[in-house]
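**Student:** Using the hints provided, position chain B with the ligands relative to the given structure of chain A.
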Amino acid sequence: MRHIISIQLFNYGRRQRRTLSKKDLNIKIDELESSLGTIKGLEIQIGRITDEEWEEPMGPTPFPSVGTFRDWDKKLLNRYKPFYMPLCDLCCLCTYGKCDLTGDKKGACGIDQKAQQSRIVLLACCIGASTHTAHARHMLNHLLEEFGRDYLLDVALNTNVEAPHIRLVCGYKPKTIGDLEEALDYVETQLVQLTAAAHTGQEGDNLDFESKAFHAGMLDHVAMEIADISQISTLGFPKGVSEAPLAQMGFGSIDTKKAVVMCIGHNVLPSVDIIDYLMEHDLFDKVEIGGLCCTAHDNTRYDNRAKILGPISWQLRYVRSGIPDLVVIDEQCIRLDIVEEAEKIGAPVIATSEKSMMGLPDRTHDDPDAIVADLVSGRQKGVVILEPRKVGEVVVKTAMAVSPKRKEFKEPSKEKLFENMEKCRGCLECVMACPNNLPIMDAVKACAEGDLSLLSELQPLCVGCGRCESACPEDLSIISYMYAASADQCKDECFQVRVGSGAITDVEIREVGRGIVFGEIPGILALVGCANYPKGGGEVAKIAEEFLKRRFIVLATGCSAMDLATTLDEEGQNLYEQYPGVFDAGGLVNVGSCVSNSHITGATIKIANIFAKRPLRANYEEIADYVYNRVGAVGIAWGAMSQKAASIAAGCWRLGIPVIVGPHGSKYRRNLLGRKDKEEDWITLDARTGDDMYIGPVPEHLFYAAETIEEAIVMTAKLSMRPNDTTKGRAVKLSHYIDLSKKYYGTMPDDLELFVRGESDLPFTMKVELLEYLKKKGWEEGKIGMPDPTLLDRMIRRKK
Amino acid sequence: MSAKLRPGQTAEIAGPKHAMVFPKPTVVASMIKRAKRPLLVIGSKAPEIVTDDGDLIDYAIKIGKKGKLTIAATGHLIGEFKKRKAKNVYSIPFMNLGDRLRDTDWNGFDGKGHYDLVIFAGSQYYMEWLVLSGLKNFAPNLRTISLGNLYQPNASWAIGTVNHSEWMSILKEIIENLEEKK
Ligand code: SF4
Ligand code: SF4
Ligand code: SF4
Numbered sequence: 001m002r003h004i005i006s007i008q009l010f011n012y013g014r015r016q017r018r019t020l021s022k023k024d025l026n027i028k029i030d031e032l033e034s035s036l037g038t039i040k041g042l043e044i045q046i047g048r049i050t051d052e053e054w055e056e057p058m059g060p061t062p063f064p065s066v067g068t069f070r071d072w073d074k075k076l077l078n079r080y081k082p083f084y085m086p087l088c089d090l091c092c093l094c095t096y097g098k099c100d101l102t103g104d105k106k107g108a109c110g111i112d113q114k115a116q117q118s119r120i121v122l123l124a125c126c127i128g129a130s131t132h133t134a135h136a137r138h139m140l141n142h143l144l145e146e147f148g149r150d151y152l153l154d155v156a157l158n159t160n161v162e163a164p165h166i167r168l169v170c171g172y173k174p175k176t177i178g179d180l181e182e183a184l185d186y187v188e189t190q191l192v193q194l195t196a197a198a199h200t201g202q203e204g205d206n207l208d209f210e211s212k213a214f215h216a217g218m219l220d221h222v223a224m225e226i227a228d229i230s231q232i233s234t235l236g237f238p239k240g241v242s243e244a245p246l247a248q249m250g251f252g253s254i255d256t257k258k259a260v261v262m263c264i265g266h267n268v269l270p271s272v273d274i275i276d277y278l279m280e281h282d283l284f285d286k287v288e289i290g291g292l293c294c295t296a297h298d299n300t301r302y303d304n305r306a307k308i309l310g311p312i313s314w315q316l317r318y319v320r321s322g323i324p325d326l327v328v329i330d331e332q333c334i335r336l337d338i339v340e341e342a343e344k345i346g347a348p349v350i351a352t353s354e355k356s357m358m359g360l361p362d363r364t365h366d367d368p369d370a371i372v373a374d375l376v377s378g379r380q381k382g383v384v385i386l387e388p389r390k391v392g393e394v395v396v397k398t399a400m401a402v403s404p405k406r407k408e409f410k411e412p413s414k415e416k417l418f419e420n421m422e423k424c425r426g427c428l429e430c431v432m433a434c435p436n437n438l439p440i441m442d443a444v445k446a447c448a449e450g451d452l453s454l455l456s457e458l459q460p461l462c463v464g465c466g467r468c469e470s471a472c473p474e475d476l477s478i479i480s481y482m483y484a485a486s487a488d489q490c491k492d493e494c495f496q497v498r499v500g501s502g503a504i505t506d507v508e509i510r511e512v513g514r515g516i517v518f519g520e521i522p523g524i525l526a527l528v529g530c531a532n533y534p535k536g537g538g539e540v541a542k543i544a545e546e547f548l549k550r551r552f553i554v555l556a557t558g559c560s561a562m563d564l565a566t567t568l569d570e571e572g573q574n575l576y577e578q579y580p581g582v583f584d585a586g587g588l589v590n591v592g593s594c595v596s597n598s599h600i601t602g603a604t605i606k607i608a609n610i611f612a613k614r615p616l617r618a619n620y621e622e623i624a625d626y627v628y629n630r631v632g633a634v635g636i637a638w639g640a641m642s643q644k645a646a647s648i649a650a651g652c653w654r655l656g657i658p659v660i661v662g663p664h665g666s667k668y669r670r671n672l673l674g675r676k677d678k679e680e681d682w683i684t685l686d687a688r689t690g691d692d693m694y695i696g697p698v699p700e701h702l703f704y705a706a707e708t709i710e711e712a713i714v715m716t717a718k719l720s721m722r723p724n725d726t727t728k729g730r731a732v733k734l735s736h737y738i739d740l741s742k743k744y745y746g747t748m749p750d751d752l753e754l755f756v757r758g759e760s761d762l763p764f765t766m767k768v769e770l771l772e773y774l775k776k777k778g779w780e781e782g783k784i785g786m787p788d789p790t791l792l793d794r795m796i797r798r799k800k
Numbered sequence: 001m002s003a004k005l006r007p008g009q010t011a012e013i014a015g016p017k018h019a020m021v022f023p024k025p026t027v028v029a030s031m032i033k034r035a036k037r038p039l040l041v042i043g044s045k046a047p048e049i050v051t052d053d054g055d056l057i058d059y060a061i062k063i064g065k066k067g068k069l070t071i072a073a074t075g076h077l078i079g080e081f082k083k084r085k086a087k088n089v090y091s092i093p094f095m096n097l098g099d100r101l102r103d104t105d106w107n108g109f110d111g112k113g114h115y116d117l118v119i120f121a122g123s124q125y126y127m128e129w130l131v132l133s134g135l136k137n138f139a140p141n142l143r144t145i146s147l148g149n150l151y152q153p154n155a156s157w158a159i160g161t162v163n164h165s166e167w168m169s170i171l172k173e174i175i176e177n178l179e180e181k182k
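Protein sequences, first through last, are from chains A and B. For what it's worth, the numbering used here labels the leading residue of the first sequence as 1, then goes sequentially. For what it's worth, the numbering used here labels the leading residue of the second sequence as 1, then goes sequentially.
In case anyone wonders, no lab produced these hints; they're calculated from the structure. Virtual Cβ for every residue (Gly too), placed ideally from N, Cα, C. Be aware that a few hints might be false.
[Unchecked claim] Partner residues aside, some chain B positions facing chain A, computed with beta carbon under 8 angstroms:
hint, residue
1, Q9
2, P16
3, T51
4, N88
5, S91
6, F94
7, Y126
8, M127
9, P140
10, E173
Looking at chain A on its own, in the form it has when it is part of the complex:
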């Protein structure tokens, strides 16, 4: 009797070590002889359909659990040790407390300050990752209902690797939108485990907390990928740069003669219905749809007649302008006083997500015309409508009916906007409350005396948080003053933004992979994140321009992608107009909204897989090892503010991609810093021989808050170096590092000797000067090795 039975067991975690849930089971019986007869080719599947068409064998870590990559994380965390800076010395998370954790004190549960800080980092990453996951869930459930499980994934032109994160982390290849559910189930399950680790009396070691934060980050990129590839595939978004047209942004892009709808948030579904309704009823010439934050990006990806009003920080400014006739909120980064603010300008609010109902009555199941009547009459200041397919009709009808009634609000007089400013009592409360300590008091006082210039200068520096107003004992409307002082100029502002192009195509990866890995393209710079800038959004454009000129590939998403558009050259052109929108040296690509960040990390994964042919399937450590050692990618989140920015960054850290944040980013309360002065920290393995080798401090840091943009720019050039750079590549990178140091620091770098491996690394034109410098520093040729670098023992090909 012959029994040939193969059983494949998959679980959300390390295989073989977990109990099975029914959805994990797949039993394949090739041939079985029994008393009942012979059974051939029987396959019993419960749950997921195994991927028979993907020839690549399963890698070592499908559906990794919380501790699967602990060793990998600790390799990184050993090199980049956390420097904690508590934002609060106390803990008040449970009723044992409050506990004072200052210095070497411990809480009633036994936790110490380091563990507490890393616990907060983990919580931030869990909140961030959960937010994208919840977004992805809402999106996917809706799309499955509307398009069906079998709707084919079609993410980017000429692209085979449609979902690098899912392939890498989960180990399967999704073909339809229905296939995405499995990965999403997995992410949700893991996030619950991670959140549980933050409970009192659970995890106690700071590095284990950090490793869990990395895990949350990795999961976040899977969730973002699911959200974005499902909407790209079904909603007709651009599938690559060649399909991305220009859209308009700014106050001046809005035709205020039309009824104006302002959508705030990150989930495009309600806006899609509004746009569909406008198209079906031919109403685009009567209604403007403008968006703030990521919904704005995704609206333009759906239809570039939609307008981008601006980044998250412009919410209050837009409302105070009186322009919107109706406000639609979906999810994330919405001002929580939006209903109160909108009420002041007579604009109803429609909330469209269960996550953000703002105390409004749920009218999802009511007749649309009855809802419209209540909103137009003012009987209700806002409503909740959770069915996206009902939102369009109510929004458009309400906006059109409300608009003519709002004339007095639409163009508020300067007198009205400047009301009460003479009451300023010079108490400085506003300045003390302002995150950037802007000189608000002086500006208000000057304005009261007729000089508007100071207030108008503050406008681009203001992050729109409203803390000054809330602190003011006279309840002065400082943001309205700032708007009024620069309204004439604001109203004309109209910028061109390239629409988010989504995933980087396989063809593009093939074309640039070599240049990036060998360092001939000096790096990939991703400008991502929110608008919590220390000195306004113009800084993002300055950073981008510096690296575009130096032929880096510059990618942007979210609010940063918007802010890039607002700086114009002498001919009135912004960077989108000056530089080609291509994923190649010197190209500037708007990838899209927050969830499109997954395509940036996805591109680095695809470089390892498509260009270097490294196996992708459930092979996270090897791919991360490759990206870390070879792909000179650097992320800058100059205005990072949210928990989502934390989890996005954490997903980069686990892949070995350094992230720089602006000064406010120091409030994430820890940096991950390398010590270039400690040679022992920079020993790596040579995969050819297994020998240990000193490689110099490349990349020097993993998470780093810069004080000024000049510092960020020089650090970006430095962090783009990798141990694998060819001599030609290193010479290019060094020449940028030296040049930028001279430009912004007014001097040569003081650590060049740590990055020059041999004379051939030296930029040819500076060779004599540099050799002189290196001689003084006691530099030795060949001290820094050029291995085939790896941190993984298993990558060593010939062990001694």
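**Tutor:** Frame of chain A; chain B with the ligands shown alone:
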């Protein structure tokens, strides 16, 4: 609460352990004089801080020279010091500096040993707040002074929240009381 103990940003209240305010500028000068290995950290806002005869960088150079202090210039500030031909100035990112100061094995920029007193001025308020928090919690033996004009609760000692002219006269008095060290 005395006005001097009011933090420079409304919500920046740390915890039970917070900085003492100097009773008078001469105490700052004598603490610096008594220190064996003092370090002066100057942040990127220094060029924007106008004094009677220049800016905070000029004051920093004077303090450094008179008190024989090593200066750490954070951000991209080193160029300014070089332009003014200042000696004994090192460039280091603010975060790196905090990280090294909490490491008792770090032997300083010149390799001659750890610093025993670190004095901060000219940094972005909230960044200095955080670096000082890192040091308060993880470098218990390091004494820190904030010379800024907004109270820094995480330092060991601070000038406290004072207006610009009061601040300038305090800084001048400190400089006057730092006789040239040999
Ligand atoms: S979680 Fe621990 S440190 Fe925090 S309040 Fe409870 S007992 Fe105290
Ligand atoms: S709204 Fe602007 S001016 Fe007011 S506190 Fe916030 S950043 Fe400062
Ligand atoms: S808080 Fe209000 S009253 Fe006080 S200075 Fe600022 S604007 Fe004037």
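**Student:** Does the closest beta carbon of chain A sit nearer than 8 angstroms to the beta carbon of S91/B?
**Tutor:** S91/B check passes; min Cβ-Cβ to chain A is 6 angstroms, inside 8 angstroms.
**Student:** Just to be careful: measuring from the Cβ of Q9/B to every Cβ in chain A, is the smallest value less than 8 angstroms?
**Tutor:** Cβ of Q9/B sits 6 angstroms from chain A, so the hint holds.
**Student:** Verify the interface restraint on Y126/B: the C-beta must sit less than 8 angstroms from at least one C-beta of chain A.
**Tutor:** Hint on Y126/B: holds, closest Cβ of chain A at ~7 angstroms, below 8 angstroms.
**Student:** Next item in the hint list is F94/B. Is there a CB on chain A closer than 8 angstroms to its CB?
**Tutor:** holds (5 angstroms)
**Student:** When the nearest CB of chain A is found for T51/B, is that gap smaller than 8 angstroms?
**Tutor:** Nearest chain A Cβ about 18 angstroms off; hint violated.
**Student:** Does N88/B hold up as a contact with chain A if the rule is Cβ-Cβ below 8 angstroms?
**Tutor:** violated (14 angstroms)
**Student:** Can we keep the E173/B interface hint, with Cβ of chain A closer than 8 angstroms?
**Tutor:** Not OK, violated: E173/B not within 8 angstroms of chain A, min 25 angstroms.
**Student:** Is the hint on P16/B kept, meaning its closest Cβ partner in chain A is under 8 angstroms away?
**Tutor:** holds (5 angstroms)
**Student:** Does P140/B hold up as a contact with chain A if the rule is Cβ-Cβ below 8 angstroms?
**Tutor:** Holds, because the Cβ-Cβ distance from P140/B to chain A comes to roughly 5 angstroms (cut-off 8 angstroms).
**Student:** Next item in the hint list is M127/B. Is there a CB on chain A closer than 8 angstroms to its CB?
**Tutor:** This interface hint holds because 5 angstroms falls under the 8 angstroms limit.
The earlier numbered hints that this structure contradicts are 3, 4 and 10.
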